[in-house]
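Enquirer: Work out the full structure: start from the sequences and follow the hints.
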Amino acid sequence: MQLSREDCLEKLRDILLDMDGCDPVAVKAAGEGTRLLEDLQINSVGMLYLVIVIEESFDIRFENVGISAFRTVGDVLDYIGDKKK
Amino acid sequence: MIHFMNWFLKITAWLPQKLVFRLDVSYEGGAKPTRHIKGPAIIVSNHTAVYDYAAMLFLFWTRTLRYQMAELLFRKKVLGRFLKMLGGIRIDRENYDSTGLRTSERILKKGGVVGIFPEGRLPDGDEPRPLPFREGAAWLAITTGAPIIPVYTTGNYFGKGKCPMVIGKPIDVSAIYDGTKTEKENIVAITKIIRDKVIALGKSLERKETVKKARPIGLKYIGYDFVKATAAVAGVPWLRTKIVYASQKARDIKGGGLIICNHSSFLDPIYMMATVWWRRMRFVATKELFDNPFKKWLFTKVFRCICIDRDNVSLDMMREIGDSMKAGELVVVYPEGHVFSEGAAAFKSGMVLMAFRGKCPIIPIYVQRPAHVWNRLRAAVGEPVMVSEGRLPPSMKQIEKISESLARTEQDLAQLCAGKGQRR
Chain A
1 MQLSREDCLE KLRDILLDMD GCDPVAVKAA GEGTRLLEDL QINSVGMLYL VIVIEESFDI
61 RFENVGISAF RTVGDVLDYI GDKKK
Chain B
1 MIHFMNWFLK ITAWLPQKLV FRLDVSYEGG AKPTRHIKGP AIIVSNHTAV YDYAAMLFLF
61 WTRTLRYQMA ELLFRKKVLG RFLKMLGGIR IDRENYDSTG LRTSERILKK GGVVGIFPEG
121 RLPDGDEPRP LPFREGAAWL AITTGAPIIP VYTTGNYFGK GKCPMVIGKP IDVSAIYDGT
181 KTEKENIVAI TKIIRDKVIA LGKSLERKET VKKARPIGLK YIGYDFVKAT AAVAGVPWLR
241 TKIVYASQKA RDIKGGGLII CNHSSFLDPI YMMATVWWRR MRFVATKELF DNPFKKWLFT
301 KVFRCICIDR DNVSLDMMRE IGDSMKAGEL VVVYPEGHVF SEGAAAFKSG MVLMAFRGKC
361 PIIPIYVQRP AHVWNRLRAA VGEPVMVSEG RLPPSMKQIE KISESLARTE QDLAQLCAGK
421 GQRR
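So the sequences go chain by chain: A and B. Residue numbers for the first sequence follow our numbering, so the first one is 1 and each next one is one higher. Residue numbers for the second sequence follow our numbering, so the first one is 1 and each next one is one higher.
Treat the hints with caution; some may be incorrect.
Unchecked claim - In silico PhoX-like links for lysine-lysine, alpha-carbon gap of 25 angstroms or less:
{"hint": "1", "chain 1": "B", "residue 1": "220", "chain 2": "B", "residue 2": "359"}
{"hint": "2", "chain 1": "B", "residue 1": "160", "chain 2": "B", "residue 2": "249"}
{"hint": "3", "chain 1": "B", "residue 1": "160", "chain 2": "B", "residue 2": "220"}
{"hint": "4", "chain 1": "B", "residue 1": "197", "chain 2": "B", "residue 2": "169"}
{"hint": "5", "chain 1": "B", "residue 1": "397", "chain 2": "A", "residue 2": "11"}
{"hint": "6", "chain 1": "A", "residue 1": "28", "chain 2": "B", "residue 2": "397"}
Claimed, not checked - Partial list, derived from the structure: chain A residues whose beta carbon lies under 10 angstroms from chain B:
{"hint": "7", "residue": "21"}
{"hint": "8", "residue": "42"}
{"hint": "9", "residue": "45"}
{"hint": "10", "residue": "48"}
{"hint": "11", "residue": "52"}
{"hint": "12", "residue": "62"}
{"hint": "13", "residue": "65"}
Keep in mind that the hints were calculated from the coordinates and are not lab data. For each residue, glycine too, the CB sits at the ideal point set by N, CA and C.
Expert: Right, here's the structure in full:
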């Protein structure tokens, strides 16, 4: 079943909460424009964590891309959306 | 009749199963007594394919196995009759009928062997395996006192290679039965122990496979082996490495793994090759080392280094590290990130995720560079640390804790290297 963008965002919020590395209030309020580094305080290791869990949860592979390509939650959703097409 | 049918099948199908199943049987702890069962026993294994039952018949060929089977198999007239003749025990999952359990109990009390797939059905394609275990095996073991023999099968019956299976040591339920708890609580606890054991057997098998995959000969290693062999002519008498192991377990550097080490000199990779000299290893190196085509060729093709861009970590690089370890290779990373000739810097916790990706342990090593050219190289090797074998990595806080614990281990190894620490 194809997940809507809103469902993906909700799933991403759940992953960020389980990650246990950023402020839960900021995660619950996170939207597409929320910046991963500045607003959610996700460092490079946190980004790697996020990518591994996204690969498992959404059944996709991150290829030919570095972690700096993802600045906002929206960037991550765009990548997931492209991979899911 | 059941015994006759079993033996008839085993004799007539012995050769075909040898060609088709090609079971590669191993035993937990290397012991072999569990295959030739004496007295009553309950065989419990994960369920991967419809052929599991046939494989089990040949795995424990000296005994007549009475397997619990789903009711739907008996609905097919010919198959149902055939399975009945082989001693199949009908389990009615839909109506919660206990007749099958009572039959199993009776067989065990007479000294027979009962087989159970406690998952109750075959898992669907994307379901996490094994499925939760049903509690019949634990109940039978408590009621009859029969030991449980856990088995893990990979289910690769018609695959390209062999089908690895591992038989665990028998579980004596009377030794773990807790008299202060109710029978129901004991059944739940024992079922969990059985499931954990089957999972652990599967993990041990995966680990064994990575050891097998570490190939002694290969075209891609020619340059690496040539340089290492020629360098050893001068390096061995020069360095005369003295290795100290933190414990007996630390000596077990087999299969894939992530070596972490202090970084005090640009010669550290040479010191590492002189420490774990019997294994090939791949170093994770910063991209600055790959800044011209010759160096790029030398480090990637000859030394098979893995390039890391610290400012923008590539996800393909993470995958390459994980895949190397899964293929049985050792990957070396310096978690301090830079060369620190004095003291030690904080460890970067990305190494935990690298080890998680490779499903391999982290092996901490401390190398004390020789103070003078004529001094020996000293190194201390710690016990391998397994990060997580689950589907998802540990949480960020746990990752930080693991990193801190590994940093402390490095300090202990430094003491050991200096001859001040304690060996276990």
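Enquirer: All hints, please: hold or fail.
Expert: Verification of the supplied hints:
Restraint check: the Cα-Cα separation between residue 220 of chain B and residue 359 of chain B comes to about 23 angstroms, which is no more than 25 angstroms; the hinted pair holds. Between the alpha carbons of residue 160 of chain B and residue 249 of chain B the distance comes to roughly 34 angstroms, so the proposed pair goes past 25 angstroms and is violated. Between residue 160 of chain B and residue 220 of chain B the CA atoms are separated by roughly 23 angstroms; this keeps the pair inside 25 angstroms, and the hint holds. For the hint pairing residue 197 of chain B with residue 169 of chain B, the CA-to-CA distance comes to about 10 angstroms; that is within 25 angstroms, so the pair holds.
Distance check on the hinted pair: residue 397 of chain B and residue 11 of chain A sit about 21 angstroms apart at the alpha-carbon level, within 25 angstroms; holds. For the suggested pair residue 28 of chain A and residue 397 of chain B, the alpha carbons sit about 19 angstroms apart, so the restraint of at most 25 angstroms is met. Hint status for residue 21 of chain A: holds, given a least beta-carbon distance of 3 angstroms to chain B, under 10 angstroms. For the restraint placing residue 42 of chain A at the interface with chain B, the shortest Cβ-Cβ distance is roughly 9 angstroms, inside the 10 angstroms limit, so the hint holds.
The closest approach between the C-beta of residue 45 of chain A and any C-beta of chain B is roughly 5 angstroms, which is under the 10 angstroms cut-off, so the hint is satisfied. Because the beta carbon of residue 48 of chain A sits about 5 angstroms from the nearest beta carbon in chain B, less than 10 angstroms, this interface hint is met. At its closest, the beta carbon of residue 52 of chain A sits 6 angstroms from a beta carbon of chain B; the interface hint therefore holds under the 10 angstroms criterion. Because the closest C-beta pair between residue 62 of chain A and chain B is about 4 angstroms apart, less than 10 angstroms, the hint holds.
The beta carbon of residue 65 of chain A comes within 6 angstroms of a beta carbon in chain B, closer than 10 angstroms, and the hint placing it at the interface holds.
The structure fails to meet hint 2 from the earlier list, while all remaining hints are met.
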